[in-house]
Amino acid sequence: MERGSPTAGPPVGVVDLSPDRGYTFHGKVMLFVTVSAFAIFLLWLLLWVYRRRARRQSKEELEEGRS
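Residue 66 in the UniProt record's numbering sits at position 66 of the sequence shown; the count goes up by one each step and never skips.
In short, the hints are calculated from the structure, not lab data. Take the hints with a grain of salt, since some may be wrong.
[What the hints assert, rightly or not] Here are the in silico distance ranges between beta carbons for each label pair: (1) Phe-41 to Glu-63: 56 to 62 Å; (2) Asp-20 to Arg-56: 48 to 54 Å; (3) Leu-17 to Ile-40: 26 to 32 Å; (4) Glu-64 to Val-33: 45 to 51 Å.
Glycine is no exception: its CB is placed at the ideal position from the N, C-alpha and C atoms.
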């Protein structure tokens with residue numbers, strides 16, 4: 001059998017996991033979605049902490065003004 005013939009199968013060292021041609025594309029899309037969701041979660045968490053701190057400072061300023 002010749003090395004470049006179409007019936008030779010995958011090259012040595014290459015594992016063909018799925019017959020789906022878009023397998024790698026779907027994996028990249030899922031990776032992008034997962035990383036994006038995690039980044040959005042981190043941004044939401046940072047904004048929540050920032051707003052909580054700002055709210056506490058404004059309450060303290062109001063209490064100091066009343067005293």
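| request: Given the range 56 to 62 Å, decide if the beta-carbon distance of Phe-41 to Glu-63 lies inside it. | output: violated (33 Å)
| query | Asp-20 and Arg-56, beta-carbon distance inside 48 to 54 Å? | reply | holds (53 Å)
| Measuring from beta carbon to beta carbon, are Glu-64 and Val-33 in 45 to 51 Å? | Holds, at about 47 Å.
| said: Taking the Cβ atom of Leu-17 and the Cβ atom of Ile-40, is their distance within the range 26 to 32 Å? | reply: holds (30 Å)
Checked against the numbered hints given earlier, this structure breaks only hint 1.
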